[in-house]
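S.K.: Sequence:
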Amino acid sequence: MKFNFRIIINILGLLLMLSSIFMFFCLVFSIFLGGKDWWALLISALITFGAGLAVWLKTKNSTNKELRKRDGYLIVTSGWLVMSLFGTLPYILSGSIPSFTDAFFETISGFTTTGASILNDIEAVPSGILLWRSLTQWIGGMGIIVLTVAILPILGIGGMQLFVAEAPGIAPDKLKPRIKETAQRLWYIYLGLTVAELILLLLGGMPFFDALNHSLTTMATGGFSTKNSSAAEFTPYVQYVIIVFMFLAGTNFTLTYFGLKGNLKRVWRNEEFRKYIYIIGIFTLIIVISVFFNTDNGLEKSFRDSLFQVVAIITTTGYVSADYTSWGFFVTALIFIMMFIGASAGSTAGGVKIVRHIVLFKNSFLELKRQMHPSAVIPVRLNRKAINQEITYNVLAFIMIYMSVFATGVVVMSWIGVDFETAIGSVATSLGNIGPGLGSVGPVDNFSHLPGIGKWFLSFLMLMGRLELFTVMMLFTPYFWRRY
Numbered sequence: 069m070k071f072n073f074r075i076i077i078n079i080l081g082l083l084l085m086l087s088s089i090f091m092f093f094c095l096v097f098s099i100f101l102g103g104k105d106w107w108a109l110l111i112s113a114l115i116t117f118g119a120g121l122a123v124w125l126k127t128k129n130s131t132n133k134e135l136r137k138r139d140g141y142l143i144v145t146s147g148w149l150v151m152s153l154f155g156t157l158p159y160i161l162s163g164s165i166p167s168f169t170d171a172f173f174e175t176i177s178g179f180t181t182t183g184a185s186i187l188n189d190i191e192a193v194p195s196g197i198l199l200w201r202s203l204t205q206w207i208g209g210m211g212i213i214v215l216t217v218a219i220l221p222i223l224g225i226g227g228m229q230l231f232v233a234e235a236p237g238i239a240p241d242k243l244k245p246r247i248k249e250t251a252q253r254l255w256y257i258y259l260g261l262t263v264a265e266l267i268l269l270l271l272g273g274m275p276f277f278d279a280l281n282h283s284l285t286t287m288a289t290g291g292f293s294t295k296n297s298s299a300a301e302f303t304p305y306v307q308y309v310i311i312v313f314m315f316l317a318g319t320n321f322t323l324t325y326f327g328l329k330g331n332l333k334r335v336w337r338n339e340e341f342r343k344y345i346y347i348i349g350i351f352t353l354i355i356v357i358s359v360f361f362n363t364d365n366g367l368e369k370s371f372r373d374s375l376f377q378v379v380a381i382i383t384t385t386g387y388v389s390a391d392y393t394s395w396g397f398f399v400t401a402l403i404f405i406m407m408f409i410g411a412s413a414g415s416t417a418g419g420v421k422i423v424r425h426i427v428l429f430k431n432s433f434l435e436l437k438r439q440m441h442p443s444a445v446i447p448v449r450l451n452r453k454a455i456n457q458e459i460t461y462n463v464l465a466f467i468m469i470y471m472s473v474f475a476t477g478v479v480v481m482s483w484i485g486v487d488f489e490t491a492i493g494s495v496a497t498s499l500g501n502i503g504p505g506l507g508s509v510g511p512v513d514n515f516s517h518l519p520g521i522g523k524w525f526l527s528f529l530m531l532m533g534r535l536e537l538f539t540v541m542m543l544f545t546p547y548f549w550r551r552y
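For the sequence shown, the numbering used here gives the first residue as 69, with consecutive numbering after it.
Any given hint could turn out to be false.
Said to hold, decoys possible - In the BS3-like style, the derived pairs of lysine-lysine whose C-alpha atoms are separated by at most 27 Å in a straight line are:
id, residue 1, residue 2
1, K453, K430
2, K104, K295
3, K295, K343
4, K343, K369
5, K333, K343
Stated by the list, open to error - FRET-style restraints, in silico, Cβ to Cβ:
id, residue 1, residue 2, range
6, R452, K329, 19 to 25 Å
7, R74, W336, 45 to 51 Å
8, I267, R438, 51 to 57 Å
Everything labelled a hint here was simulated from the structure, so no lab data went into it. Glycine is no exception: its CB is placed at the ideal position from the N, C-alpha and C atoms.
Using the sequences provided together with the hints, build the complete structure.
M.R.: Structural data, given as structure tokens:
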């Protein structure tokens, strides 16, 4: 079986043209706000649109528009890489990030919604570039391909292959029989929640530009801020609003859909959603007690900072309201553990996802029962329904590979010359698409000081984590490229 390279390249051209539209949007804001970066955005948009249009026109007359599963995996991975490469242009041309390595790191950190940054003075960056930085996260939050499937009818052919290759979680729940309608409804919810957060932040007295950027990056669970001190810059009201929308962004969007339809019983019956609430509640309670008795913070601030950081890490948003590494080794250890949990499948969050942990633990405990009753057939149940054994195998394989990649990543970063604490923190946060880590890449630091090769390696881990390992790893297997 051959790859349909002609249609693959055609779709990449469409993605570039779509990306240029968002650059033009940032251009309008830059001109309106009197920014000096408008020309960089204009040139970037023209180059990106021109390149996309050229390859689209060259390949638009393809007679074979069939997309197979292998084509879908290749489109998704190459699409994110191509978008990230062209996404560096506004940074480089404006001089905000003159280094290509740093610009690519910042861009792929945006598209993968990781939120790791190399910028030492965010507030000195022009407004148009900051908006582009936030938009990369908002686009990447729901997914570039999912957006394209939603609005470009030409991708109706092969849409499921693209959706499955990119959509987070074990398997995307379809709200409607047609994949295009599903993608559209997901984006309606995503856009609606973004606008709702924007309104609430404005009601709290937040400036419009800051409110817009934080609404974009909250719903993407990305965490890019317009302030050097991140969310610590803002009032308690603003922080509570961000907490609520980080929580919603980390919830399965299918459940959000049913919740908006008034079917709250179906939402609460979802086992992953209940565990999501329990995990946040338990970690928050433990950390509140520790922070309250070991710092000078009052009860309300201890609660707010603890809840904020727990939700930010669990949902892999990565905003910072306080330096959690100053809360002691015990809390730091809990934060590190949370980096491997993740939020709900079918959300914009990264990480392992809670549903995988549920399946893993249930299967582990059932294995003890199987030892006592070797002839019994005891399936793993989720939401009171037996799940296919292939899903269990998939979960076990995913977690094994995830931990193997993490361990290998720590070795690689240590070999590069990074200290051990920074190595484990940078790898965990990049693979989990979280943002702040431990050591010298903690909540009050950034990634600018890391060696160039380390930034490229972490960029690769960000992409692997965002596309849930398998999509990227398949491209490195010989049988993926084998013709048959």
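S.K.: Next step is simple, just say for each hint if it's right about the structure.
M.R.: So, going through the hints one by one against the coordinates:
Note on K453 and K430: the hinted pairing holds, with a Cα-Cα distance of about 13 Å set against a maximum of 27 Å. A C-alpha spacing of about 19 Å is found between K104 and K295, which places the hinted pair at or below 27 Å, so the restraint holds. Taken as a hint, the K295 and K343 pair is broken in the structure, with Cα atoms around 33 Å apart against an allowance of 27 Å. At roughly 25 Å between alpha-carbon atoms, K343 and K369 fall within 27 Å of each other, so this suggested pair holds.
Under the criterion of a C-alpha separation no larger than 27 Å, the hint pairing K333 with K343 is consistent with the structure, at around 15 Å. Taking the beta carbon of each, R452 and K329 are about 22 Å apart, inside 19 to 25 Å as hinted. Distance hint check: the CB atoms of R74 and W336 are about 48 Å apart, consistent with the given range 45 to 51 Å. Checked against the hint of 51 to 57 Å, the pair I267 and R438 passes, with Cβ atoms roughly 53 Å apart.
Going down the numbered hints, you'll see the structure goes against just number 3.
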